[in-house]
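Engineer: Same order as they appear, the protein sequences are chains A, B, C and D.
Using the numbering used here, read the first sequence as starting at 486 and increasing by one per residue.
Using the numbering used here, read the second sequence as starting at 486 and increasing by one per residue.
Using the numbering used here, read the third sequence as starting at 486 and increasing by one per residue.
Using the numbering used here, read the fourth sequence as starting at 486 and increasing by one per residue.
A few of these clues could be false.
To be verified - Lysine-lysine pairs mimicking DSS-like chemistry, simulated, CA-CA at most 25 Å apart:
1) C/553 - C/597
2) B/566 - B/597
3) B/513 - D/553
4) B/553 - C/597
5) C/543 - B/543
6) C/601 - C/566
7) A/549 - D/597
FYI, nobody ran anything at the bench for these hints, they're computed from the structure.
Below are the chains, spelled out letter by letter.
Protein chains: 4
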Amino acid sequence: MTIFSLAIRIYIEDTDAAGIVYYVNYLKFMERARTEYLRHIGFGHYLLTENYLFVVRKVQIDYKQPAKMDDLLQVTARIIKQGKASLQFEQCLYREQTLLACAVIDIACVNKQNLKPCALPSHLTQLLAQHHD
Amino acid sequence: MTIFSLAIRIYIEDTDAAGIVYYVNYLKFMERARTEYLRHIGFGHYLLTENYLFVVRKVQIDYKQPAKMDDLLQVTARIIKQGKASLQFEQCLYREQTLLACAVIDIACVNKQNLKPCALPSHLTQLLAQHHD
Amino acid sequence: MTIFSLAIRIYIEDTDAAGIVYYVNYLKFMERARTEYLRHIGFGHYLLTENYLFVVRKVQIDYKQPAKMDDLLQVTARIIKQGKASLQFEQCLYREQTLLACAVIDIACVNKQNLKPCALPSHLTQLLAQHHD
Amino acid sequence: MTIFSLAIRIYIEDTDAAGIVYYVNYLKFMERARTEYLRHIGFGHYLLTENYLFVVRKVQIDYKQPAKMDDLLQVTARIIKQGKASLQFEQCLYREQTLLACAVIDIACVNKQNLKPCALPSHLTQLLAQHHD
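Can you build the whole structure from these sequences, using the hints too?
Structural biologist: So, in structure tokens, the structure goes:
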């Protein structure tokens with residue numbers, strides 16, 4: 486099985502005065518990759534739907550090497566655990582063969598009105614099942 | 486009449502790899518000052534209301550000098566024109582006596598559903614009238 | 486002559502609580518397009534060089550329509566005026582045929598140490614001349 | 486011992502289309518609090534110095550509750566572990582008595598040129614020692 490990955494170009498907006506990419510932005514790149522992964526399997530509206538919302542519950546990220554202006558990175562997105570109302574992603578950031586960062590990110594599906602956990606939409610669980618077979 | 490101004494500290498998140506504040510962020514600082522100006526006159530929920538929305542229609546900004554990490558800036562907010570469904574702000578950014586940037590920003594009041602222009606809420610026009618007398 | 490344009494996907498990071506793209510971010514998209522335009526003509530390091538820096542001197546932007554989550558936009562970049570030490574860009578943002586915003590952006594070339602204006606690098610003026618013929 | 490905390494107002498720039506604060510921005514707020522904590526103990530230039538740089542090596546953050554537009558938050562900053570070339574912070578985000586998020590953040594001191602670990606500057610270790618006594 487190949488791991489989904491998204492190419493991301495670094496622009497000046499992504500950098501900080503230390504001359505490298507502002508580390509907080511790595512999480513934005515990872516979310517872009519999650520969004521594109523779900524679009525890729527057929528689930529086009531990752532975050533904004535009528536009844537539920539995906540929210541991030543937990544992030545664990547290790548920073549290995551800084552990215553720099555003009556870099557072309559690859560960001561992976563892979564589901565490593567699927568719960569009734571949650572998804573756990575493993576995501577890594579590479580510049581060519583060099584690993585820059587690696588993260589485990591826990592996403593919960595919540596009711597849009599009261600923000601309480603709710604089951605993943607069946608449309609999504611079907612797409613995830615098809616994709617893993 | 487004194488001009489309302491908000492103090493803003495520059496953090497690493499605001500800078501870019503050129504070692505100065507990323508110029509786009511000046512517009513964020515100006516919006517913070519507009520928001521606090523309206524809160525100051527008694528209008529606490531600048532952007533998010535039930536029926537209408539304030540949107541930016543036009544920005545003209547001149548950049549004079551860069552701001553840097555750790556700077557403590559002052560950002561002014563002054564209404565220079567009030568229409569039936571619009572407000573025009575003049576806003577300047579200073580580090581002590583040095584003018585860093587100056588902008589004219591046009592805000593429109595729009596209906597939240599269809600985004601068509603609608604009259605400024607009467608609660609706001611009353612507060613603006615009181616404040617100018 | 487065709488106008489250079491860059492495709493930009495809208496992610497949750499680009500939006501705000503009004504449910505639309507935060508207007509300040511349009512300027513980031515326009516800078517991405519300027520950067521890619523210059524890379525396209527052969528000038529790969531738009532902002533970070535040894536001796537000089539490009540800084541934005543002036544922005545005039547009109548907002549026509551909001552962009553939304555998941556939109557795929559096109560951002561143009563076209564030089565409309567070239568000075569000894571400056572470039573003026575006209576840039577527009579489209580969702581399919583709909584014009585969302587249009588801007589004129591003045592860039593100055595400055596000395597990296599003292600931030601005083603300096604002539605555009607000859608490597609760039611040569612590339613610009615080739616591209617316009 | 487009281488824990489250092491910084492007040493942070495939420496602006497539209499901090500929110501996303503889900504109507505809540507974009508979770509990535511919590512890390513920006515936490516860095517603002519770290520910066521102000523170090524300024525408070527007498528170390529005014531947290532990130533930008535001549536010879537070394539502080540970089541984030543690891544973030545573990547749990548999100549409990551969302552913050553919203555106009556919220557006034559408190560962000561704490563407390564060093565829970567001090568190494569020869571590193572600092573570990575525990576940081577929490579509150580809206581009044583409600584805990585919104587909690588994080589452990591590992592910072593490394595690195596040489597500015599080669600990004601290799603280097604000892605914390607003695608000026609900082611002295612300030613930290615004074616502050617803990």
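Engineer: Kindly indicate which numbered hints from before are broken by the structure, ordering the numbers from low to high.
Structural biologist: 1
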